[in-house]
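Each residue of the sequence shown is one higher than the last, beginning at -15 in my numbering.
Honestly, the hints are just simulated from the structure, not real lab data. Bear in mind the structure is a predicted one, so any value in this text is a computation, not a measurement.
Taking lysine-lysine and the DSS-like style, the derived pairs with C-alpha atoms no more than 27 Å apart in a straight line are:
no.: 1; residue 1: 112; residue 2: 197
no.: 2; residue 1: 112; residue 2: 65
no.: 3; residue 1: 61; residue 2: 112
no.: 4; residue 1: 60; residue 2: 112
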Amino acid sequence: RAVESAAAYDAQAAKLSQSRRQLAQRFAQRMEEQLSDLNMRGTRFYVDFAAENAPRSSLGTDNVRFLIAPNAGEEKKPLSKIASGGELSRVMLSLKALSAERAAIPSMVFDEIDTGISGRTAQVVAQKMWDIARYRQVICVTHLQQIAAMATRHYLIQKAENNGRTNTSVTELTGEARVRELARMLSGVSENSESGLAHARTMISEAQAYREKQ
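Throw the hints in and build the complete structure from the sequences for me.
Following this line, the structure appears as structure tokens:
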């Protein structure tokens, strides 16, 4: 009976492996499209099936890893060996963007997805996150003003020591409080700088215009 069960498992595992291999090429292509959107044009993404099988489990017997060649002429290598912090952030966002299209997950959490990015790349990451938020709830912890400005609701998380203990508070920001906090993120010091406040209002307005046209 154990032999029969093993044979039945192996047959189902082989079907699962075949299905994965059929989807792998299309998945890699979609990942490259996502990465191109995120200022990683020319990146090659690969799904590698190792020759040796993994131990039997509920996930089958495939040994799969993702490889990447971020620049033309570079050899493909495992993500852990080659990707920078900013590249890893964008790869993770691309993976979540694709999974959001298929998986019935009502909410997605992004914690420090802005690691290693800035400038124009930060803006396209913010726009990509809004694309996900159109059909999923997105909760994002960020220190980057471009991403914060794209959100429809803002909460300020603060830590303070009181009587030898650290407490965390969460405050919803609306109206001018939202503008001032974004201005503080822009200036790094003052939330009342006139130039910072003007810039914050512009960013919020431009983000709203982007959301409304999608």
